[in-house]
Amino acid sequence: GENVEQHPSTLSVQEGDSAVIKCTYSDSASNYFPWYKQELGKGPQLIIDIRSNVGEKKDQRIAVTLNKTAKHFSLHITETQPEDSAVYFCAAAQYYGGSQGNLIFGKGTKLSVKP
Amino acid sequence: DSGVTQTPKHLITATGQRVTLRCSPRSGDLSVYWYQQSLDQGLQFLIQYYNGEERAKGNILERFSAQQFPDLHSELNLSSLELGDSALYFCASSNKSPAGGPPSTDTQYFGPGTRLTVL
Chain Y
1 GENVEQHPST
11 LSVQEGDSAV
21 IKCTYSDSAS
31 NYFPWYKQEL
41 GKGPQLIIDI
51 RSNVGEKKDQ
61 RIAVTLNKTA
71 KHFSLHITET
81 QPEDSAVYFC
91 AAAQYYGGSQ
101 GNLIFGKGTK
111 LSVKP
Chain E
116 DSGVTQTPKH
126 LITATGQRVT
136 LRCSPRSGDL
146 SVYWYQQSLD
156 QGLQFLIQYY
166 NGEERAKGNI
176 LERFSAQQFP
186 DLHSELNLSS
196 LELGDSALYF
206 CASSNKSPAG
216 GPPSTDTQYF
226 GPGTRLTVL
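Keeping their order, the protein sequence lines are chains Y and E.
Quick note on the working numbering: the first sequence kicks off at 1 and runs consecutively.
Quick note on the working numbering: the second sequence kicks off at 116 and runs consecutively.
If you're looking for bench data, these hints aren't it; they were derived computationally from the structure.
Do not rely on the hints blindly, as some may be mistaken.
[Stated by the list, open to error] Partial selection, computed: residues in chain Y whose CB lies under 7 Å from chain E: (1) Lys-42; (2) Gly-43; (3) Asn-102; (4) Phe-105.
Here a beta-carbon is modelled for each residue, glycine too, at the ideal position from N, C-alpha and C.
Just chain E, with the same shape it has in the complex (with noise of 0.2 Å):
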């Protein structure tokens, strides 16, 4: 057990459906990602917060969004799905610093991940 929770385990919904996937990280995890897992394009990095500020973006598409909350968790917001939106998503959390602060354990845990599967 890694210590990052995401909820729900499974999603099924429908095409043109939004949907809203949590993350809770470790105790004292400052950082949160999303990465993306399908057969084909493996685990891709989405974004990233830090204390509750967007870090990072990789390849998230325009009809996804993230926001970190004040007391950390995280929820990644997933609207006018498609059928290739179908994919493990997966939440890390890590104790990095920001650029320029004092060097962190960085290493990223990762969550149980969230099956969705759009219809």
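Pulled out of the complex, with its shape left as it was, chain Y reads as follows (with noise of 0.2 Å):
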């Protein structure tokens, strides 16, 4: 099956910084990455998600790169701010007859902004 390996497991960043956050995924009919953002004492939301078809994708201050052939994909965040401070987990899933598979999980990276 899937494995999702996360790294670093902590990363500590000055404030207005940029953060990088690395998954390697071992299945290669794998084809959707969602990256999720848990602050504390609450649930894990989506911050972005690639499928296999695009090697970049932006969102503001986040971005998300895919290399299928390396078989890993990244976090990008920049321009770090205090509230950016979280875990962050990165998850790979199969996509295929119209029906997204289940999601597997790295163990995640606390990331802590320090202002």
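These two chains come separately, so use the hints to put the complex back together.
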């Protein structure tokens, strides 16, 4: 089955710097890669996702890149702000026949943005 | 606010007991997923229902079961509880279609979770 590895497990940056979180997946059939942000005491919230037919997607300060050959994808946050501090999870799933398979999550990255 | 609701927010019980966690999906969503989040295992998929029918099973113990009712709310039943069952339990919903059906917006929206403590 699919296995998703996420690095680093913790990341500390200064406000205004960029943060990069990387994930690798094992199943080449996976073609849907969402990123979730989880704040303390809350459920995971989808922040961006990418499908395997594109290599990059941006939404304001957040971008995700995908390298299908190497089977890795990354989350890039630019101009970080204290409110970006949270745990970030990557996930992978297969999307086939109009239906999405189940999400396999990485272990999470705790991002701390220091003012 | 994702639109997914879960009750109760916190649950404290003893080993050997049985509890029921409840989830109401977003309006219009037919699929419900249950996840367990623990410090050592991370977010683990347990089970998925679509429009009342079980669609997929993940790492769900035999002591655990779930169902989805005609009004689409779902319940996760945990029995013969052990200390190791202490975790956060999340429900997510999407309007995912069944395999072979028309494409859907398959984003999973998570609820706020139920924190279960087994003493």
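Status of the hints after comparison with the structure:
no., hint, verdict
1, Lys-42, "6 Å, holds"
2, Gly-43, "4 Å, holds"
3, Asn-102, "5 Å, holds"
4, Phe-105, "4 Å, holds"
Every hint, counting from the list given before, is met by this structure.
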